[in-house]
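Those sequence lines, one after another, are chains A and B.
The letter at position 186 of the first sequence is residue 186 when you use this note's numbering, and the numbering goes up by one with no holes.
The letter at position 121 of the second sequence is residue 1121 when you use this note's numbering, and the numbering goes up by one with no holes.
I should point out that these hints are in silico values taken from the structure, not numbers from a laboratory.
The reader is advised that the hints may include incorrect statements.
In the DSS-like style, the derived pairs of lysine-lysine whose C-alpha atoms are separated by at most 30 Å in a straight line are [stated by the list, open to error]:
hint : chain 1 : residue 1 : chain 2 : residue 2
1    : B       : 1360      : A       : 108
2    : A       : 165       : A       : 212
3    : A       : 65        : A       : 239
4    : A       : 136       : B       : 1430
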Amino acid sequence: MLIIKDLQASIEDKQILKGINLTVKPGEVHAIMGPNGSGKSTLSAVLTGNPAYTVTGGSVEFYGKDLLALSPEDRAHEGLFLSFQYPVEIPGVSMVNFMRTALNEKRKYFGQEPLSAADFLKLMREKRSIVQLDNKLASRAVNEGFSGGEKKRNEIFQMAMLEPKLSILDETDSGLDIDALRIVASGVNTLKSKENATIVITHYQRLLDYIKPDFVHVLYKGRIVMSAGPELALELEDKGYDWIKEQVDSQQ
Amino acid sequence: MNALQQYIDLYDANREFIEQQSPALLNMSRREAREQLATARLPRKGSEDYEASDLEAVFAHDYGVNVNRLPFDADPSNTFHCDVPNMSTCLYYSSNDAFHSSATAERNIGQVVVEPFSMAAVDYPELMASYYGKLANLSDPTVALNSLLVQDGLFIYVPDGVVAERPIQLVNIFNAALDMMVQRRLLIIVGKNASIKLLACDHTQSPDYHYLNNQVIEIVAMSGSHVDFYDLEESTPKTSRVSSVYVDQHEGSNVLIDGITLINGFTRNNYHVEVNGEHAETHLLGMTIASGEQHVDSHTFISHNAPRCNSNEMFKYVLNDNAVGAFAGKILVQPNCPRVEAYQGNRNLCGAPTAKMYTKPQLEIYTDDVMCSHGSAVGQLDEDALFYMRTRGIGIDEARRLLMQAFVADVIDGVRLDALKDRLHYLVEKRFAGTLSNCAGCMAACRPTE
């Protein structure tokens, strides 16, 4: 579904991604690990179309479409979702209004009628239970005053509402206690199917105990320098990144 | 050049005639106004308190003045319904410069008195004599001009202890088929422990003509009274307005003034509040949504002349295209007024690089032991929030609208009339969606929606 070829990107003239190659097929879970500053979050930002970044080379194909040519909102409509590392607070915009607008914009994109208020609220109720999100949170402004755990649960709730084909979870485990981590991971696993895929960006093996990856990639200095099965995550947890860094740096 | 001269000349030529058909009381302050105007000049842009607005240019246009009090045929109540659903109001109309008799006479609203000055001068001569023109400051040339040419106005009186059950709504409509200036005038007296909610809606039915509303409003809030005054402007790009609201607050009174501009041409709103009694509470709110060439300038002055009072002021502007906004607010705490709490805020959103905002918050404090704050900010839409919304599939335009609506939401939520609050949320939504015409509330639909 996703084919990334030699993707290069920069922010304010600083080259961050220096040629990423990655292919994701339906049903797969990919973990992207790597030391701080290696470009993990940049990759998620570029894939979702954050205007702060400039693509300087390469291509991204999503279900045969040129992803990079689409606006962020159209990427979302086509089935791409990003769970933010730092979800944004939007005072004054209620979760209900936010979600209803998002859902109806997607329906409009596919030429469907807007959802009725009753159907929408029913859907909200149903999806809320997946991540045990309190009704009170749903009636408040988007992420405003939410705890770290609530914000992340809210991200997975939005993912459940929008039913994306490809979800990128950017450091979804950061700021979560063990219970919240379990709830978030079980939410992700509930939403998993043969048709959709997940890219998990994380520093730690911990999250991968709950969300089992099929592939683990190591990103370093803007490139994927190593790809293997889930056993690589365990090895990294054990040995750290230094041995990979040395290996890559010596080759250069 | 002196834009005032044409109107002074008009007055001088018609003085006898004007005085004949006006209550004697109005004529007294008229003469005083004439003396003031002999040497007065309208402020130019850049002069003190007029950093962004050129009143000379606004008045220089050749407006007609209905000196002869010719009646306009149309009864606005037949065609115009300012439709605030779920809100049962006592409705009054003014069309151009006249209160429509058919719309005002047939309504009986218990003990609350709403009548034109011409009637009030006969029915309540003492009240009129005690309060008319007593707050308004004739050294302001626009106020003097209003006092010079005004021939009628609306007198609203809530006797002591009377609580007006239903809100009073005054719909002011411009519908003359010529360029015209009117002098609207209100005198509102709210007795001890009395209460009133008043909604004034300024509309313009003919988008083709230039109109100028040069209005003066005096509000006296006696001790323990509650006054809500909502002032909604939804006119046209060719409509100008210079409005001066004067408030005298007595002990324990609670006054809320909320000025909302959705569509206009040029607007200057002056608010002058004198807090003269202890434990009085003042809420001064403003919301402006401007695009195109709209110009909205608010000038506020709250003087705390008594101890232990609260005032809370918040003005918000959302400016797009070439719109110009201005806010100057001053809070004055006089000597020997301890325990005053006064807060002032002005927050502005410039949605386009060509939109301009001028802001000047001011505090002047002559007493220790007070709590005061003032602040002002001009910013753009939050890029992070915009991107976050777009990743959820909300298009850029829709995302901008949601954020702009969210920005003004708290000012709307300060409205103490639920039906009006809902209506404002709806109107603001339409305004941002670009589907609000000046006739949004009009059943006649004489103009197609944009």
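Hint check results:
1. Proposed proximity of residue 1360/B and residue 108/A is contradicted: the alpha carbons are some 44 Å apart, above 30 Å.
2. Taken as a hint, the residue 165/A and residue 212/A pair is honoured in the structure, with Cα atoms around 18 Å apart against an allowance of 30 Å.
3. Taking the CA atoms of residue 65/A and residue 239/A, the gap is near 39 Å; set against the 30 Å cutoff, the hint is violated.
4. Simply put, residue 136/A and residue 1430/B have alpha-carbon atoms about 28 Å apart, close enough for the 30 Å limit, and the pair holds.
Hints 1, 3 from the earlier list are contradicted by this structure; the remaining hints agree with it.
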